[in-house]
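**Q** What follows is each chain in one-letter form.
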Amino acid sequence: MVVQPASQVTHTPYEELPGNVLGLRPDPQALFNHSPEVKLDLLKELTGKSVLSAYVFDKQKLLELFKFAALLQTGRFPASRALTGKILAAAFFEPSTRTRLSFESAMLRLGGETISVADAKTTGVAKGESLRDIGQMFNSYADIVVVRHTEQNAVQLLSEYLRVPLINGGNGSDEHPTQALADWYALLKWRPEIAFSKLPEDKKLHLGIVGTPGNMRTVKSFLIMALLMHENISDITIISEMADPLGPEIKDFCDKSPISFKFSNDLQGCLGDLDIIYMNSIAFLGDGYRHLSSNFVLSSKSPLKKDAVVLHPLARGPELDIDLDDTPHNLYFNQADGAVFVRQALLLTMLGRVETVLQGEYSS
Amino acid sequence: MVVQPASQVTHTPYEELPGNVLGLRPDPQALFNHSPEVKLDLLKELTGKSVLSAYVFDKQKLLELFKFAALLQTGRFPASRALTGKILAAAFFEPSTRTRLSFESAMLRLGGETISVADAKTTGVAKGESLRDIGQMFNSYADIVVVRHTEQNAVQLLSEYLRVPLINGGNGSDEHPTQALADWYALLKWRPEIAFSKLPEDKKLHLGIVGTPGNMRTVKSFLIMALLMHENISDITIISEMADPLGPEIKDFCDKSPISFKFSNDLQGCLGDLDIIYMNSIAFLGDGYRHLSSNFVLSSKSPLKKDAVVLHPLARGPELDIDLDDTPHNLYFNQADGAVFVRQALLLTMLGRVETVLQGEYSS
Amino acid sequence: MVVQPASQVTHTPYEELPGNVLGLRPDPQALFNHSPEVKLDLLKELTGKSVLSAYVFDKQKLLELFKFAALLQTGRFPASRALTGKILAAAFFEPSTRTRLSFESAMLRLGGETISVADAKTTGVAKGESLRDIGQMFNSYADIVVVRHTEQNAVQLLSEYLRVPLINGGNGSDEHPTQALADWYALLKWRPEIAFSKLPEDKKLHLGIVGTPGNMRTVKSFLIMALLMHENISDITIISEMADPLGPEIKDFCDKSPISFKFSNDLQGCLGDLDIIYMNSIAFLGDGYRHLSSNFVLSSKSPLKKDAVVLHPLARGPELDIDLDDTPHNLYFNQADGAVFVRQALLLTMLGRVETVLQGEYSS
Numbered sequence: 001m002v003v004q005p006a007s008q009v010t011h012t013p014y015e016e017l018p019g020n021v022l023g024l025r026p027d028p029q030a031l032f033n034h035s036p037e038v039k040l041d042l043l044k045e046l047t048g049k050s051v052l053s054a055y056v057f058d059k060q061k062l063l064e065l066f067k068f069a070a071l072l073q074t075g076r077f078p079a080s081r082a083l084t085g086k087i088l089a090a091a092f093f094e095p096s097t098r099t100r101l102s103f104e105s106a107m108l109r110l111g112g113e114t115i116s117v118a119d120a121k122t123t124g125v126a127k128g129e130s131l132r133d134i135g136q137m138f139n140s141y142a143d144i145v146v147v148r149h150t151e152q153n154a155v156q157l158l159s160e161y162l163r164v165p166l167i168n169g170g171n172g173s174d175e176h177p178t179q180a181l182a183d184w185y186a187l188l189k190w191r192p193e194i195a196f197s198k199l200p201e202d203k204k205l206h207l208g209i210v211g212t213p214g215n216m217r218t219v220k221s222f223l224i225m226a227l228l229m230h231e232n233i234s235d236i237t238i239i240s241e242m243a244d245p246l247g248p249e250i251k252d253f254c255d256k257s258p259i260s261f262k263f264s265n266d267l268q269g270c271l272g273d274l275d276i277i278y279m280n281s282i283a284f285l286g287d288g289y290r291h292l293s294s295n296f297v298l299s300s301k302s303p304l305k306k307d308a309v310v311l312h313p314l315a316r317g318p319e320l321d322i323d324l325d326d327t328p329h330n331l332y333f334n335q336a337d338g339a340v341f342v343r344q345a346l347l348l349t350m351l352g353r354v355e356t357v358l359q360g361e362y363s364s
Numbered sequence: 001m002v003v004q005p006a007s008q009v010t011h012t013p014y015e016e017l018p019g020n021v022l023g024l025r026p027d028p029q030a031l032f033n034h035s036p037e038v039k040l041d042l043l044k045e046l047t048g049k050s051v052l053s054a055y056v057f058d059k060q061k062l063l064e065l066f067k068f069a070a071l072l073q074t075g076r077f078p079a080s081r082a083l084t085g086k087i088l089a090a091a092f093f094e095p096s097t098r099t100r101l102s103f104e105s106a107m108l109r110l111g112g113e114t115i116s117v118a119d120a121k122t123t124g125v126a127k128g129e130s131l132r133d134i135g136q137m138f139n140s141y142a143d144i145v146v147v148r149h150t151e152q153n154a155v156q157l158l159s160e161y162l163r164v165p166l167i168n169g170g171n172g173s174d175e176h177p178t179q180a181l182a183d184w185y186a187l188l189k190w191r192p193e194i195a196f197s198k199l200p201e202d203k204k205l206h207l208g209i210v211g212t213p214g215n216m217r218t219v220k221s222f223l224i225m226a227l228l229m230h231e232n233i234s235d236i237t238i239i240s241e242m243a244d245p246l247g248p249e250i251k252d253f254c255d256k257s258p259i260s261f262k263f264s265n266d267l268q269g270c271l272g273d274l275d276i277i278y279m280n281s282i283a284f285l286g287d288g289y290r291h292l293s294s295n296f297v298l299s300s301k302s303p304l305k306k307d308a309v310v311l312h313p314l315a316r317g318p319e320l321d322i323d324l325d326d327t328p329h330n331l332y333f334n335q336a337d338g339a340v341f342v343r344q345a346l347l348l349t350m351l352g353r354v355e356t357v358l359q360g361e362y363s364s
Numbered sequence: 001m002v003v004q005p006a007s008q009v010t011h012t013p014y015e016e017l018p019g020n021v022l023g024l025r026p027d028p029q030a031l032f033n034h035s036p037e038v039k040l041d042l043l044k045e046l047t048g049k050s051v052l053s054a055y056v057f058d059k060q061k062l063l064e065l066f067k068f069a070a071l072l073q074t075g076r077f078p079a080s081r082a083l084t085g086k087i088l089a090a091a092f093f094e095p096s097t098r099t100r101l102s103f104e105s106a107m108l109r110l111g112g113e114t115i116s117v118a119d120a121k122t123t124g125v126a127k128g129e130s131l132r133d134i135g136q137m138f139n140s141y142a143d144i145v146v147v148r149h150t151e152q153n154a155v156q157l158l159s160e161y162l163r164v165p166l167i168n169g170g171n172g173s174d175e176h177p178t179q180a181l182a183d184w185y186a187l188l189k190w191r192p193e194i195a196f197s198k199l200p201e202d203k204k205l206h207l208g209i210v211g212t213p214g215n216m217r218t219v220k221s222f223l224i225m226a227l228l229m230h231e232n233i234s235d236i237t238i239i240s241e242m243a244d245p246l247g248p249e250i251k252d253f254c255d256k257s258p259i260s261f262k263f264s265n266d267l268q269g270c271l272g273d274l275d276i277i278y279m280n281s282i283a284f285l286g287d288g289y290r291h292l293s294s295n296f297v298l299s300s301k302s303p304l305k306k307d308a309v310v311l312h313p314l315a316r317g318p319e320l321d322i323d324l325d326d327t328p329h330n331l332y333f334n335q336a337d338g339a340v341f342v343r344q345a346l347l348l349t350m351l352g353r354v355e356t357v358l359q360g361e362y363s364s
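Residue numbers (my numbering), protein chains in the order written: chain A, 1 to 364; chain B, 1 to 364; chain C, 1 to 364.
Take the hints with a grain of salt, since some may be wrong.
Identical copies go unnamed one by one, so any copy, or any two together, can satisfy a pair.
Stated by the list, open to error - Straight-line alpha carbon distances no greater than 20 Å define the calculated SDA-like cross-link-like pairs of lysine to any residue that follow:
hint: 1; residue 1: K204; residue 2: R191
hint: 2; residue 1: K49; residue 2: V21
hint: 3; residue 1: K49; residue 2: N20
What the hints contain is simulated information worked out from the structure, not anything from laboratory work.
Since the structure is predicted, the reported quantities are computational estimates derived from the model, not experimental observations.
Could you build the full structure based on these sequences and the hints that come with them?
**A** Below, the structure written as structure tokens:
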């Protein structure tokens, strides 16, 4: 499946974007500048599999998934009936707007249907229902399941009796792999060369992560995918007030990476070096959420590099000033826009419908 | 687009209506007695626009919208696939059954899909998510949004970053414009001459409003639309125990109207004069809901004029006795029935699909 | 409508079932071993009717409904568009996962749509809305309604003004008829002869019910249907620590049955006699749920008869050990799997679409 972009795509300069959109809007077709082919065989390896962690994606599968998402985003391969007859169960035992609605919207735009638990208190879990049994139940009710839960082991428990594919939509302080997909989909549309080229040493990027990968699930999943891009990321600085922001498990992976890791508790002092800043507002600490320290705030007055971009999974807290929204540093709104397409690509891949979409079977 | 009713429609007398329906059931075709044409140009002016207040409707647009709703209600123009591929986001940050389910039902019966927030506690708002960012999020997830919120300024905040049309489904003590659409759709089916004729002085109507337009959103939006009918409404009596039931903003509009305004705190004493009584059970007072005074109760024993009708947006409290349900004073159940059609008409208008429906493109 | 099974169906032995399924998986076609015909006339008697209690089903209607469910489960009569254009309102004023999602899934797999109340707190009921008025509202919003409520009289109140068919999805401590449908659908797939033959005296079955039919709704509805099978059920033992587990209403029915009733508070001591054990974890006692006594626990160590099966409506508590899951005593997971099909059969029957499905009108 070869996708030939008419020519090398360059993004519209920020000042020429339509006035009613805020932040960068990189062209999804830029993902094909370096690699025009979508390798179906790699995507097929994900069919029927569950996605419990960012670790399930190697670099090649990730890039094929993003290219497929880009094809969907450009609208060149209509898929509005690709999942007709399929049901997504969205089981959100922890409050969420974005992730749940994003999955539901992705599923509905593919012609599928959704059944949802929006609140643990509306479920039998309130009466002590076991997650194993809920997994068994979903075998009969749905074709694919996305789950969010406050407990780290909930995803594992739910998968024990489940025979349909499961997506981890955030499990306590552990992981949130599809948020990381949305994050990296936005980054690679903006700079495809991070994944597809071998940059000279002085062009490699310096990534700043504000927060604690050890107990912030979006940050952790983001970092796991960042390690896959080690050829063109020279440095990662973790900015946190905590003594051990990585935690033992993720530290082991970072130690083995060729990327140089630094640690700082001075966000403003680091900004002059950073090409990409990843923020999140809250850490999940077992008994609830904790906001970032008030030292970690970005605004239009922050000494950002001219071409630096900021990513944030949203919802935001005071750490991200709205005066950054209408600047070319804002890649976070593009992240949110792309999330529906990357989740569509994932649903189609897991349910084995990539080929039929690319063969134009749904173009009416 | 001319709709020719076979002849002048007169409503079935109450005692001849089927026994299993309660209350009046005026024929929607009566709306075409005076004006058989649906003026598409007027409806097109609402396409892509948001509906934050009852003020967006001038009298002409309102009547065309009602005639379009009537066409949908008669079933003459099938529209069950008119919004296929479109998604309505129903964002109800304040509890609701009627309005949310009514919009969802309207959307689904047009072939569209819905994603819903039924409870603020199930959302990122619980973690402090800003409404601006939620608006930005809906740009990617939905084609049209209806929002309800306890705060008056929430609708404005949500619309700031939103690029798809927004419907105010009730914002604190401010407005609830689509409830007023349902109210006036019922009233004009019952008496089309209120809008379409010039009645002689002694046939003009006297409208009674129980409650405080200043802090009851349904009452306020209802009153705003009532002012558009000033040619045939001679008097409006506001029945309330509060010293200033109008409040400064709406008082200004009422002062400019040719309608004569009266104020009373004696409901029973007013009933002999009133042709239409609009009630609501609760006022939203910033920190919660307050019921009407127990002096304001209507029942079958109340000294209502023979042809008087009662409107109530429901859910009801003790102010509206169920013994009125099976009487020809009950127009409130018809209000509820019509709400789905008037909301269908609004969704089709805002999404630019009126013409295709009237051209019969969805009649299969 | 005659369904000819190729030959007498015998179920696959447990050890030969696929390893990824737990518990028994009887073949739905076994239901046609004794009676190959689906009697449409009997099903048509349920069209447009409400299902408030297990009493609405006589034995003949029950068996035709199960055979129709079996046809849907085998996939021989595609029905994925049979309810296109129809809306199910799922009004769950009491927490539920299983029943709500099962009905939603059933409706969506038939091409219908759903609008849902998942939590009483998200509704106008929180503001004191009357159930009568909610019923009136659903006339306009939906074509069929399923309701769950903590109060026994809620189903009756909701039905007073309702003109579309209503399904009782559990009303306080009273009834849960569609759970009983799922229970008996599983049992009759496992042993069709219970309903379709006249067994010799020594082959008749002994049924054990752990719990109190008087105040456990699933147990009560299950027992009502058990009474219909009196020809082949010789004994029912009620195992409970309560003095009067039946309660006055149901006791009257049991007294008239030819089945011999026994009472015990010693579960382990009864097991040697029981062919079928029906358990539930919780009783609804007006002010909340109460778990079973810890004396009433089944596990793989319990002295069950070799061919005995256990039924449990789930969610489970400690009374049902997970070490029974991977044994041939586990019929409870099959119960859950069949629930979607038996609810599909019920929806199609109540909405009058059985015939069109069996005539293959939706086989595309």
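**Q** Checking each numbered hint in turn, tell me which of them this model violates, lowest number first.
**A** none
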